[in-house]
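As they're listed, the protein sequences go chains A and B. Each residue of the first sequence is one higher than the last, beginning at 1356 in our numbering. Each residue of the second sequence is one higher than the last, beginning at 54 in our numbering.
Don't take each hint at face value.
[Unchecked claim] Think about it this way: if two alpha-carbon atoms lie no more than 27 Å apart in a straight line, the pair counts; the simulated DSSO-like pairs of lysine-lysine are:
id, chain 1, residue 1, chain 2, residue 2
1, A, Lys1527, A, Lys1478
2, A, Lys1478, A, Lys1500
3, A, Lys1438, B, Lys109
4, A, Lys1413, B, Lys109
5, A, Lys1527, A, Lys1438
6, B, Lys199, A, Lys1413
7, B, Lys199, A, Lys1527
8, A, Lys1438, A, Lys1413
9, A, Lys1434, B, Lys109
10, B, Lys199, A, Lys1478
11, B, Lys199, A, Lys1438
12, A, Lys1551, A, Lys1609
13, A, Lys1432, A, Lys1413
It should be emphasised that the hints constitute simulated quantities derived from the structure, not laboratory data.
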Amino acid sequence: MQGIFPMIRCEGVHKRFGSLEVLRGVTFDVARGEVVVMAGPSGSGKSTLLRCINHLEKVNQGRIYVDGQPVGYREVKGKFVEKGEREVARMRASIGMVFQRFNLFPHLTALGNVIDAPIHVRKMSRTEGRRAGRAMLEKVGLSDKLDAYPAQLSGGQQQRVAIARALAMEPKVMLFDEPTSALDPELVGEVLEVMKSLAREGMTMIVVTHEMGFAREVADRVMLIDEGVVVEEGPPAQFFTNPRHERTKLFLSKIL
Amino acid sequence: MSIPLPSLDFDPSVVWRFLFNSVILEGARTTIIVAILAQALGLFLGLLSALMRMSKNPLLSVPANFYVWFFRGTPLLIQLLFWYNGVPQLFDNPDITHQLTSFRVAIFALGVNEGAYMTEIVRAGIESVEAGQMDAAKSLGMTSGKAMRRIILPQALRVVLPPTGNEFIAMLKNSSLCFAIALVELSNAARSIYSTNLNVLELLAVASIWYLVMTTAFSLLQAELEARLAVGLRERPRTLFGRMTEAFGTGRTRFHD
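Bound-form chain B, shown alone (with noise of 0.2 Å):
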């Protein structure tokens, strides 16, 4: 028995003339636009639906416990197809089908789904907040919806940052299972070219190099965005190096006491 020997048959020159190919410019900025508009939807819902859940009326609290239940429990592939393909079944209208393209049902899908995250999210950062912080703004006369948006939510944003941005990375990444509703993201765009040419391991890194731009440009974005909010309560790192360590977790934070 002979192992194979690999082939070794990997051309960087390809990858270098596809890096900046405009099927996959464009795919890139489809997978940035789709995951932006996703999760800033999955953020909205999952404010309001973390508010329902805590609420005593279980007018409220019940439908919440429900859609978070729901849309984390069942795979996201399938609500893709649901709202894609089996929606229009519903209503057997072409006008309305002709409205719901990929990148519609892609944001609304991604944005539905992450919403259910996001409601556990929003809500630890809501309860992470001291029960002080609630009395001492009802003593100074703020209605609790008041309180909420000036006292409360500003904190709860701070311990909701980080875990955001994590589930803003997965969301480019999962972004690509849309090539089952046909639309064409990045990882699609890429593999629409090495079906025709065949250089699978070329386009794949072409697809990787572009995610990983993403991610890093979103990263350092996120620990920017976590110093100005950490405004009061510690001190920044001030030089470029430091704020990178500290976007990759790898730099300690200074807490005053």
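Looking at chain A on its own, in the form it has when it is part of the complex (with noise of 0.2 Å):
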């Protein structure tokens, strides 16, 4: 199914806590290499929507597909039955995800947290695994910092070790869920820049951010989404100089 599908495929997504619609028909396509973010006001959906993804909540109604495949449930006859739960660890396994808290190991060094999944879950040898878990904090330019805990780290370089730690299980799509709303502002730079430097080497990324100048610099397109539905998207030119629903202008005048 390579290159017939997209990388990422949302068909009528709908997400409800309790009575709380948060995703209300999300639909869209992320092409192979494309890096789209994602803006809109807090409470809009967005967190929600890539931990649909990834099966971290399981959606209520509509489809989720991942380079071809149905995350979460499996086509029976017609019916879509929840997938047991090591498929699910498998698919999540080529999904890399990056929180707004950092979410690293705190018990586990840089190295520690970069090499556990690819051993542990990879089945990677430990030399193997260590080799490649240097490469990756050297990618992020933590190489100093690979016996560190991540109590003794800096907010952008704790991120940069969750980048590391996801990069390590050589994921075919990354998820960014405002990684750099937690760090004060002088640490906003690092983190942007390894996620620039990502996106270079054609990594397929959503990235749910509040950084519209990251948004203009390095995204193929631009969603806003607002009440549980995209409201507009398109490139970064036309969305910021020439969007045409109102709830965008407005959005926009809050936020530059």
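The two chains are supplied separately, each in an independent frame; assemble them into the complex guided by the hints.
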């Protein structure tokens, strides 16, 4: 199915928490190697949408495909049944995710954080895992922090370790959930630099962020999500200078 | 009315003579072994029942809730008597009764009772780990079981260890209840000696000294363990004195911010 299918496809995704409908029919595609920035007011459902893409949240309705494979569900005679835990885990292993609060494992060193899943999920040998882990930390500019524990690192360094940790699984896709929102302003740049170089290497990325400078510079497409639907999408030039929807204009007037 | 004066009939040389008495030493050894094995059983049962209790499946959570409710809600003494005297009546089979030695029943009964308390301690430890840790582990392709073993439990252990230390110290002392099932542990050993030589105070002192030696040694061991588990979270006191003050709860813990 490679080549025919987009890397990520969401079809009419609905997600409810109790009576609150957070996603109300979200549909979009992300092509191979494309960088999509999702913007929108807080509570608009962006983070929930990302969490649905790797099945950390179960969708109530609609389908999500990553690399042609349905996420979390399997089609059996036209009906969708939830996949077993192992199958879901295998799928998640190829979808990298970076969290707002980093979520590094505090009891492991930077290198330990990066190599744990390659060794214990991908079953890489220890030597191979360590070699790959070092290379990943070097890539994010932290080759001098291999043995540091998360508590000994700045927020920017922690987030770069978290990116290295996700990349070590050699994902097909990277999902960024407000990766710089918890950072002191002077530390935002170093994280965005790593993300930019990742984008240049052709990684397929969805980035939920309020960093509109990053969106303008790096995104292939910008999307505005509001009240659980995609309000507007387009290349950054059009999105920022010539938005079609009133809600986009209102959002941009608040954020820029 | 005259106030009776104490005779001050306390002979320290008797304390010294019985401190290393073979019956006392054997009793102390039994106390340590029973306490360690019972605590280990309690930790295992506590972990199992905590995981069951947190399960969404009522087939797992209901039995675990019942276990905690029952064994926390009945006296330990009655539980000991039940396993030692009651169970043989249930089976009425000399082979089984023969297997139920004081030593085995003590470990089993104390361990099962301890497991009920450890359930709550382990559950609190697991719940103290941020939800984001499970998200991160799952996003890396771990199943929830693997995430629990590799990511959640090692972090929960740091929270579980200090109250478990308290539990173990209580266990060392509570094991003296096993005199009711004829186990010759430290207190019972002391009692058996003073019931013949009538040096009650001296032998109570001997037993207390050994209890203090055991609990002190264990507090130091616990501080050492906690320092090792705290790796990455806080600095470890460098001096023995620093570690001792921490062991006895007076040291200040320094956290990275």
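Broken hints, numbered, in rising order? Violated: none.
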